[in-house]
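> Take a look at the letters that make up each chain.
2 protein chains.
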Amino acid sequence: MTLDTKLKSLVQLAEEYHKFAKSVNWNLHPKGLYEPIQYMMGLQGKSLRPQSLLMFANFFSHQDETALKAAYALELFHNFTLVHDDLVDQSETRRGKPTIHLKFGVHAAVLSGDSMMIYSIKMLNECFSELNKPDLMPIFYNMAIEVCEGQDLDMSFESKQIVLLEDYLKMIRQKTSVLLATCFKLGAAIGGLDRKERQKAYQLGECLGLAFQIQDDWLDFYGDPSITGKQRAGDVLRCKKTILLIKALDVASETVKETLLKHYQQNEPNKIEVIDQIFNQLQIRQIVYELFMSYRNECNQIIESFTSLHEIHKNQIRDFINQVLNRNS
Amino acid sequence: MTLDTKLKSLVQLAEEYHKFAKSVNWNLHPKGLYEPIQYMMGLQGKSLRPQSLLMFANFFSHQDETALKAAYALELFHNFTLVHDDLVDQSETRRGKPTIHLKFGVHAAVLSGDSMMIYSIKMLNECFSELNKPDLMPIFYNMAIEVCEGQDLDMSFESKQIVLLEDYLKMIRQKTSVLLATCFKLGAAIGGLDRKERQKAYQLGECLGLAFQIQDDWLDFYGDPSITGKQRAGDVLRCKKTILLIKALDVASETVKETLLKHYQQNEPNKIEVIDQIFNQLQIRQIVYELFMSYRNECNQIIESFTSLHEIHKNQIRDFINQVLNRNS
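Line by line, the protein sequences are chains A and B.
Going by the numbering used here, the first residue of the first sequence is number 1, and it counts up by one from there.
Going by the numbering used here, the first residue of the second sequence is number 1, and it counts up by one from there.
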């Protein structure tokens, strides 16, 4: 294990990843199964997960090809969850294009999704065999189960009037954070960090995921629609149990709580304005921003606490965190 | 590795398996995710797959607990495929009870199915780690991918007027045989048979699966509905591309072929009688029965060829094969 102080830049890592991703061949038979996978993996997203893994893997080691394959496997898993979630949520677009079940049919969404999951596990298993670290697989399985639990929890919120903060945090942790945390941790393990440091990498991913999701809810309401590219307050219009609503119900008096619930469940033409007024009155913009900042600060504290990383590595992690969280969309 | 000549009987193995299966706890949270799994795994099927694995595992070794867990993992995987197939095929009943998507909703069929798959891989990985044989996992992954490919191939037949015998055999091999073959092979590997003998176990499972599926098509048309418990010629009514149709189209003259295709695609009230007449004329009952018997005989030849098994083991395999294929339903 050699600590590398001549680091590849984040941009370089992203470029290497995209080059690798393009080289993966999904032009296989039967077409009905593989065409949707090719389509989905061609809709390039932010690639946060592969970059998370590669960044840590690159601090110490030059298992380039293996790390790239592991990064791809985790992105494939992430895309499997998107395909099945889109089907379950009846979403119409993903990354600006029609979702798999709309473009190729329900059977394709189910079967191609299943295949993506199996391939992701198969590829990851191959990586860990190459690295002689088969004991890393359970980290992946446990994450995968949590992701399914998180999606189920999220769906169960739809039929609830009030969601507890604790349950909301559990849901976003399972649905978003654990996958990011696993990418950090597996990257750290591939790179060669010891158990204690790997655990810190995991916690960092968890915190980043929570900050990211809370920010997502915040931007939906307070972001600039011309920048986010999304309808303003789409979550409110769909009566989603966002952190803004949960925090508002938490701090409101009984009377305000009742008014808020009444208006949140209805879909009056002026719904957004009414909700905005109540949120203003309760200082929700600031309260949720502070919650976001508390997780962001926790990320920085975790970065400080790595004992086997140099300042140059820590700076790269900081850059990455900033890149993820300094966004308007 | 000790060759055990005091074999447990097939009944005993089945009992041990069912006892183990009942002890697995799916009473977990969130309920929305785990209740459908508990329901599905409670609808006891024939348990052919676990029995296949346990029979071979028991010939040589007494890794009882580990073998039982591996057997359960494969049954869990099989049930995952049933949950997703039922959703895709819009089936209403499974083992005489409502299917998951009808009882719990589409989201449950998708997510609980996904979780069953992940748990099956996780459990199997644990078994192979206990046995210090992590290199067995790829056998499972390759099977899982083939099963998805087979289901896609099966679906693609719906829009085709004519299916080639070669494609039909590929489909049933992927959809049914490879899982059974994998159970035999993994059982043999857990038991301690060498690579050559494991490969024979795999081929045996492949042949048995083909014989089973061909028999299934045959029974649908020529079986006694009061015994099969299914509607007579349900496949014909649903215009399924069965081996009977494929063989009939294969041997028929151009004129008969045309008549057969015309009647097969329509749904006249006397469809079954018309098809029956054409099949009789072409001797399809006998032709397909002979195809079935050729695979059944191949099973027997493979059993003969095992060099590390005693006659007592071979007899148990023969009993098992007879139990699977001597059926009316």
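Please note that the accuracy of each hint is not assured.
[As the list claims (entries may be wrong)] What the simulated footprint calls covered on chain B by chain A, stretch by stretch (three residues with Cβ under 8 Å from a Cβ of chain A suffice, anywhere in the stretch; the number is not a length): (1) 81-95; (2) 115-122; (3) 246-260; (4) 305-318.
[What the hints assert, rightly or not] Here are the computed lysine to any residue pairs in the SDA-like style, where the Cα-Cα straight-line distance is at most 20 Å: (5) Lys271/A x Gln231/A; (6) Lys46/B x Asn326/B; (7) Lys31/B x His263/A; (8) Lys170/A x Asn326/B; (9) Lys160/B x Lys271/A; (10) Lys133/B x Lys170/A.
[Said to hold, decoys possible] Counterexamples of contact, computed for chain A against chain B with all Cβ distances above 10 Å: (11) Gly32; (12) Leu48; (13) Leu87; (14) Asn142; (15) Met155; (16) Ser156; (17) Thr259; (18) Thr307; (19) Asn326.
Just so you know, these hints were derived from the structure itself, not from any lab.
None of these values were measured; they are calculated from a predicted model.
Even glycine gets a Cβ: it sits at the ideal position worked out from N, Cα and C.
> Take the hints in turn and mark each one as holding or not.
Consistency of the hints with the structure:
{"no.": "1", "hint": "81-95", "verdict": "holds (count 3)"}
{"no.": "2", "hint": "115-122", "verdict": "holds (count 6)"}
{"no.": "3", "hint": "246-260", "verdict": "violated (count 0)"}
{"no.": "4", "hint": "305-318", "verdict": "violated (count 0)"}
{"no.": "5", "hint": "Lys271/A x Gln231/A", "verdict": "14 Å, holds"}
{"no.": "6", "hint": "Lys46/B x Asn326/B", "verdict": "14 Å, holds"}
{"no.": "7", "hint": "Lys31/B x His263/A", "verdict": "30 Å, violated"}
{"no.": "8", "hint": "Lys170/A x Asn326/B", "verdict": "52 Å, violated"}
{"no.": "9", "hint": "Lys160/B x Lys271/A", "verdict": "51 Å, violated"}
{"no.": "10", "hint": "Lys133/B x Lys170/A", "verdict": "36 Å, violated"}
{"no.": "11", "hint": "Gly32", "verdict": "5 Å, violated"}
{"no.": "12", "hint": "Leu48", "verdict": "22 Å, holds"}
{"no.": "13", "hint": "Leu87", "verdict": "6 Å, violated"}
{"no.": "14", "hint": "Asn142", "verdict": "8 Å, violated"}
{"no.": "15", "hint": "Met155", "verdict": "6 Å, violated"}
{"no.": "16", "hint": "Ser156", "verdict": "5 Å, violated"}
{"no.": "17", "hint": "Thr259", "verdict": "31 Å, holds"}
{"no.": "18", "hint": "Thr307", "verdict": "30 Å, holds"}
{"no.": "19", "hint": "Asn326", "verdict": "33 Å, holds"}
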